[in-house]
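Sequence order for the protein chains is L and U.
Counting in this note's numbering, the final residue of the first sequence is number 672, and the numbers go up one at a time with none missing.
Counting in this note's numbering, the final residue of the second sequence is number 1048, and the numbers go up one at a time with none missing.
Derived by calculation from the structure, the hints in this document are not laboratory data.
Worth double-checking, as some hints may not be accurate.
[Stated by the list, open to error] DMTMM-like cross-link-like pairs, simulated, lysine to aspartate or glutamate; straight-line CA separation at most 20 Å: (1) L:Lys-649 to U:Asp-878; (2) U:Lys-723 to U:Glu-202; (3) U:Lys-100 to U:Asp-58; (4) L:Lys-649 to U:Asp-874; (5) U:Lys-91 to U:Glu-108; (6) U:Lys-813 to L:Glu-292; (7) U:Lys-813 to L:Asp-658; (8) L:Lys-649 to U:Glu-879; (9) U:Lys-869 to U:Asp-948; (10) L:Lys-373 to L:Asp-310; (11) U:Lys-139 to U:Asp-574; (12) U:Lys-71 to U:Glu-108; (13) L:Lys-610 to L:Glu-269; (14) L:Lys-395 to U:Glu-701; (15) L:Lys-465 to L:Asp-455; (16) L:Lys-649 to U:Glu-845; (17) L:Lys-252 to L:Glu-360; (18) L:Lys-618 to L:Glu-582; (19) U:Lys-263 to U:Asp-402; (20) U:Lys-604 to U:Asp-630; (21) U:Lys-263 to U:Asp-58.
[Said to hold, decoys possible] Far from chain U by the CB rule (all over 10 Å, computed), these chain L residues: (22) Ala-224; (23) Thr-286; (24) Asp-310; (25) Ala-326; (26) Glu-600; (27) Pro-648.
Backbone N, C-alpha and C define an ideal beta-carbon position, used for all residues, glycine too.
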Amino acid sequence: MKKYFNTIVFAALILSTWSCSKDVEDVPLERYTEEYLWNTSDSLGNNASQFLVNIYNYTPNGFNRIGNDFLAAASDDAVSSALSVTSVQRMATGGITPFANPDNVWGNYYAGIRRATMFINNIDKVPLATKLPSGAPLKAAWKAEARFLRALFYFELVKRYGGVPIVGDEIRTLNDNVEIPRSSFAACIQYIVDECDLAKTDLRLDPVLDADAGRVTKGAAYALKARALLYAASPLYNGGNIQENSEYTGYSNYMVERWKLAADAAKEIMDLNSFQLLPNFKNVFITYPNREVIFARQGGNNTNVETTNGPIGYAGNSQGRTSPTQELVDSFGMLNGSTIADPAYDPTNPYKNRDPRLAATVLYNGAQWLNRTLETFEGGFAKPGGVIQQTKTGYYLRKFMGNFENANAYSNVNRNFILFRYAEVLLNYAEAQNEYLTSPNAEVRAAVELIRQRAGLNPYQLPVDLTKEQMREIIQNERRKELAFEEHRFWDIRRWKIAGNVYNKPLHGMLIQKGTSGVLSYQEVPVLTTVFTEPKMYFYPIPYDEVVKNSNMKQNPGW
Amino acid sequence: MKRIILVFHLIFVLLPGALLAQQRTVRGVVKDATGPLPGATILEKGLPTNGVAADMNGQFQLTLKGTSNTIIIKSVGFIEQERKVPADNTIDVVMQVNAQGLDEVVVVGFGVKERITNTGSVSAISGAEVRNVPTANVQNSLAGRLPGFVSQQRSGQPGRDASDFFIRGVSSLNAEGNRPLIIVDDIEYTYEQLSQINVNEIESISILKDASTTAIYGIKGANGVLVVRTRRGATGKPRVNVRVETGMQTPVRKLSFLDSYQSAMLVNEAIANDNTYLPADQRTSLPFADADLKLFQNGQDPYGHPNVNWYKEIFRPYSMQANTNIDISGGTESIKYFISGGALSQNGAIRDFSTSQSEVNSNYLFNRYNFRTNLDIQTTKTLSLRLDMTGRFGEINEPFAGNIVSEIYSFRRVNPYSAPVLNPDGSYAYARGFGIQDNLPTINARLATKGYNRRRQSDLNILVGGTQALDGITKGLSFTGRVAYASTWDVQRGLFRLDNPPSYLFNPETGAYRIKSGSSYTLGTFGLRAGNDRDNRTVNIQAYLNYDRTFGKHHIYSLALLNQNNAVSFSSTPSRFKGYSYKIGYDFEKKYIIDINVAYNGSDRFQAENRYGFFPAVGIGWNLAEESFIKDRFPIINLLKLRGSYGMVGSDRAPNDQYLYNQIYFNTSGYSFGEAHTGVGVIREGALGNNNVTWEKETKADIGLDMNLFSDKLSITVDYFNNRRFDQLVNRNSTSAILGVGLPAENLGIVRNRGWDGQISYINNIENVQYSINGVFSIAKNKVLFKDEPLQQYPWLTQTGHPINQPFGYTVIGFYQDENDIATSAKPNISSTQILPGDLKYKDLNGDDIIDENDMSAIGRPNLPNTTVGLTTGANYGGLSLSILFQGSFNYSLSVMGTGIEPFQSQFQPIHLERWTPENRDAKFPRLTQVSAASSPSAYPSDFWLVDAAYVRLKTVELGYQLPTDRLPIKLSNARLYLSAYNLVTWTNYNLYQQDPEVVSATAGDAYLNQRVVNLGLQIGF
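Construct the complete structure from the given sequences, taking the supplied hints into account.
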């Protein structure tokens, strides 16, 4: 026996480690699978709920969304202060190509659409028993939330690309054919409107309980429908199709009824009486609860907008990223409701007696900010010159920020990016109704006056004898002022088909020199010459990859 | 054993001759590089029956009978020598190892193979040949020495300077999928573990390149295999070897930047350039007035107008490294041992800025301690056990202040006029002035005060195994079992200050100091942090039956192997690999050879039903030299073997090592509801699962020729290979994003990789001077055959058909020379105002007058050389030896961007002086601009920036002197002094970049500078 001892020990050693028992798992068990998501025994639908919430992440977060700049900096409202050529500057100067588009959202929204459809298709597997305060089933509301979000994603695509492929309710997988052709613009609008109609019956009523603030509500579905119809009725699509026979870029003819549909859809929300304007314009973006907000991308408690866009030269190292243009500043008329052509305007003291929304939107030289008077004159602390990022126009952004005029430092601000608010609905209504009628009526005026009244104009009333064209001009300008930096202007100048005139010329800033006696002199100077090639730039190019990967994909005209 | 038989045989045959009458008696000692060599045969030339064998001390005595007065000295494994007998009748002979003899064995998977019966493609090198290369990593010492081995040393940082290496280039589109399998003593190692092996422990290194040698590794063999064997003890008295080395490291290429005056001039020029397209009222005034320029030039205001060469201030001219190794080996019939220990330290290139307040070592450094004990125990006549233990303890130190090379390059952080090194009162200054963005305290201030980050690495491996001879069952059969345990464990420790030290602006006019606004007057305390960086544990179990027997002229051998590997790392799902391999070979008189290898193995990366794969390979060989029609007619041919192999191997590396068959849903925090923003967890759908996922496969075909001529003095090996990697796990490129979800990798890609490699060596001696020349070449050209690419709009956009990682970019056709040129030429469609004379002008491939992505085509070559060569020459005379290795890499490209070269991102470099100006239209650099735009390598990659990076290097030089044994103090048996160098001289064909040619392309090129090492060593044995 002894002779074999070593052999046995050795063999035993080897065998002891060659065990067949499974002491560790051989697949990752910590991961969620579909069975967890659509748990057929969870009456609270916990995992399904988290899947739904994720779909909200695909909504646009407009604060410094494009390469750290506001989309507005690609319009005539602002320029980026960055020293290098930024993404928005490329957009503003005609730098969008099928290969490179800083606002390429194609993949993002189709991902959102897929997930919303997955939720709609599968939520019925979950035995969710909860009821809303109204007594309606929560499951139906959830489903309608997903349905609304999906419609919103389609709308975000349509305003950029025109008609896009509607993938419907099918969930495709690895080997399925996804070479889906584009649907017509008309079909896309119809789809969005139908989906909104479907969603609004089951959605929560406004206002919701505090804990649910931020969820999609009935009002959101109405508002999206109204906006979609307003866009569809607008000149770019309604009679102004840039390529006559293309069903992807608009309708083939003009129909005044489209304005009627848009006006009616806006009126529906107004008639809900769920929403109203907040008394103070400045606080619209930082107040909760807030009955003006219809739907917002949830943000958080932070100082992000202030540190990114606030004026430089203050403690806290704000970056001063956004430089509002002189064009935007000029669009804010006088306190008395007139334009800056009014004699009340003083070119040597240009920010006096202005529309109060100017001070709430833009920080200009002499404004009070963080307990100090802002200096954007040449050499002032907020415009010191040299190679650092600072305003290019003499203005900084003020909108969305907390009321830090008399604070020592920024503190966290509870802030969401508002996607739909009541003021827009009023303006949508006014615009559509004005276009539908031969001349504006009292309803049109009333809608606009509500906005002007809240803004603090005095007098806020409009003349009763305005022509349709004069009214249009007022509404368009009101829209620009009221909704600045909220991702409207960039699309409005396109749907109004005026982008060719708005772009292709220099944008200006205010060069302020402080004379030896301390007297300021003001001089408008060009800061950026924008480029817009008509008509192709009214639509984004379909991304190059999508064209080569999908044999049924048609590129937009001109690209 | 073999040797003893031979000696016995010789003595028996030659004895009668020795008894005859004598004329001259030659005496002498035969030695090899390490000492006396017993058993060599000494013959008289022209009288082959007259010979003797050297005794245990290498001494011999031969009486000459003929007239040639020449003796021939032979020993197995050494090169034959012919020597004239000198007048005093004494000869000391130093024998030179013959690495190319017929009986030479090469290490292959799970065993060794005689070179003559090997059918596969294997290149090997002994540890002794690279032991004295002064580098910390074994893979760095292999460049240019092994055909088929391609390496690039991407960084010179102590502890992180291991080269990337590949065997026969790359053939997978997966970055991870090209790494060779590393086998050390039959156990799988990681790249990192390999780089930490002490070269002193290595007996031999082989690379297995073709199917017949790699098939035994089956699913892990497709990228080739690097096999390392460590040294083991041999019967005999204890032999102690000590090596002590100390070396001096200097950067291969020193950085040079322009001084303040030149920089300021160029700043002014760039601003003036940019002003030309702005309206008059928007122009920026020039930042430097003539008075400033003058002060920069004459240096009269060193604090107000500093002029600092930061590279020189921060970096030392050289740094030291030291390496000490001790090993003891020996044994008896029942126990043999090899025990070794080593300590290596490499110091970093940064000067010491520590002060009494911060006595910390923030320099880069690397310390490593290795030990190894290899024991062989013969327990019974038939059972031998083996116990190997090896451990490594390493420590890498880095400044907390960040990547210092990157800091030195960055114009926004530092430039020559930004600050004095210290203020007159010794306080720290901070960077300011035109172009400085962060106003940070100077680099020396931050190095002195911000602390360090240290990574401690521990690595422990134990192997227990044994071989039981089973001759009782049938002769030649044995069973071997092994259990190997390997663990690595890394911990980070940081001693750091997040806050910057107080720094002041000194005003030379008033003598006042003003602290940097917002900074504190005092230095805060250090903070500590620690974290576990890596934790791997692997258990490898192997068991195999080996059979090897000769029946007359028939030789048959066979191996059946079970191999299982379990690995755990942190919380990730343990990975498991299981394999069964079988090998059978047969040769007839070593003339006709056939080898069949099959592996059946699986990995749990794949779905159960797709888990196991079958990998067969066959190799055949024909020794023509053994055929009489060659043997008789061409006696100079000692070996002429044709061999070929074909087979399939696999690679189970999946991108991100995911379980690709499994669709993932991630649970993350992500959204909030409620007025107060209550965070809500979300579940996100991850990439789709791919139920059919399986491993990558490669068919490898190899045809080789081995030839030895002139008594094995000339040896030639040439291989042609043609590999096809298919079923590569790549993401589908042709699926529209409309699908809305990420795609898993699928088995789609196909790449062909083919080429030549080989080696030609010649070894001979002229009298007492022995010399050798060894040339090595590797050519591997790959081509992507399929990557599921959609049909592109223009043919030049297609990536398929080009090599892996082919760069794409614009083709430069010169500079825009004037306004008219700009107006009439195609230009980029970004705001056209920014194109100015002196910008790079690109070729408009599609003729639409706009330079955009449609005009990008394949430019240059990938960053990995497809041709590498090495030439080693060596000579020995008496105790002197010299060995020189030239290594070259060709056919690859390199580009550098951002802080590496672009003005206002990089400090101004000498190349910027050669920029385009109206006076210098035939420039080497585009016009200077502050706006990184149409000429920038990052925005517009072009062939202007992509240079052919071919280089030739004097890679290693070793000059040694073996002290004469009789002069040594009594106990010493051996002493050798040597001077060795690494990366001594580099010839490269570009001067655009101040970069080592081996840095990674398309980066800022700010890796730690590759080092040249000059090293002095002493080796003693007793």
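Now for the hints, and whether the structure bears them out:
1. L:Lys-649 to U:Asp-878: holds (17 Å)
2. U:Lys-723 to U:Glu-202: holds (15 Å)
3. U:Lys-100 to U:Asp-58: Judged against 20 Å, a Cα distance of about 12 Å means the pair holds.
4. L:Lys-649 to U:Asp-874: holds (16 Å)
5. U:Lys-91 to U:Glu-108: holds (16 Å)
6. U:Lys-813 to L:Glu-292: The hint holds at about 19 Å.
7. U:Lys-813 to L:Asp-658: holds (15 Å)
8. L:Lys-649 to U:Glu-879: With a Cα-Cα distance of about 18 Å, the restraint between L:Lys-649 and U:Glu-879 holds, given a limit of 20 Å.
9. U:Lys-869 to U:Asp-948: holds (18 Å)
10. L:Lys-373 to L:Asp-310: Distance of about 17 Å is within 20 Å: holds.
11. U:Lys-139 to U:Asp-574: Holds, because 12 Å separates the two Cα atoms, which is no more than 20 Å.
12. U:Lys-71 to U:Glu-108: Holds. U:Lys-71 to U:Glu-108 sits at ~8 Å (cutoff 20 Å).
13. L:Lys-610 to L:Glu-269: holds (18 Å)
14. L:Lys-395 to U:Glu-701: The given pair, whose Cα atoms are some 18 Å apart, holds under the 20 Å limit.
15. L:Lys-465 to L:Asp-455: Holds. L:Lys-465 to L:Asp-455 sits at ~13 Å (cutoff 20 Å).
16. L:Lys-649 to U:Glu-845: violated (28 Å)
17. L:Lys-252 to L:Glu-360: Outside the cut-off at roughly 37 Å; violated.
18. L:Lys-618 to L:Glu-582: Distance ~24 Å between L:Lys-618 and L:Glu-582 Cα, so the pair is violated.
19. U:Lys-263 to U:Asp-402: holds (15 Å)
20. U:Lys-604 to U:Asp-630: OK: U:Lys-604 and U:Asp-630 at ~9 Å, within 20 Å.
21. U:Lys-263 to U:Asp-58: Judged against 20 Å, a Cα distance of about 17 Å means the pair holds.
22. Ala-224: The assertion about L:Ala-224 is violated, with a minimum of 5 Å to chain U.
23. Thr-286: Since the minimum Cβ distance to chain U is about 6 Å, L:Thr-286 lies within 10 Å and the statement is violated.
24. Asp-310: holds (24 Å)
25. Ala-326: violated (5 Å)
26. Glu-600: Given that every Cβ of chain U is farther than 10 Å from that of L:Glu-600, nearest at about 20 Å, it holds.
27. Pro-648: holds (17 Å)
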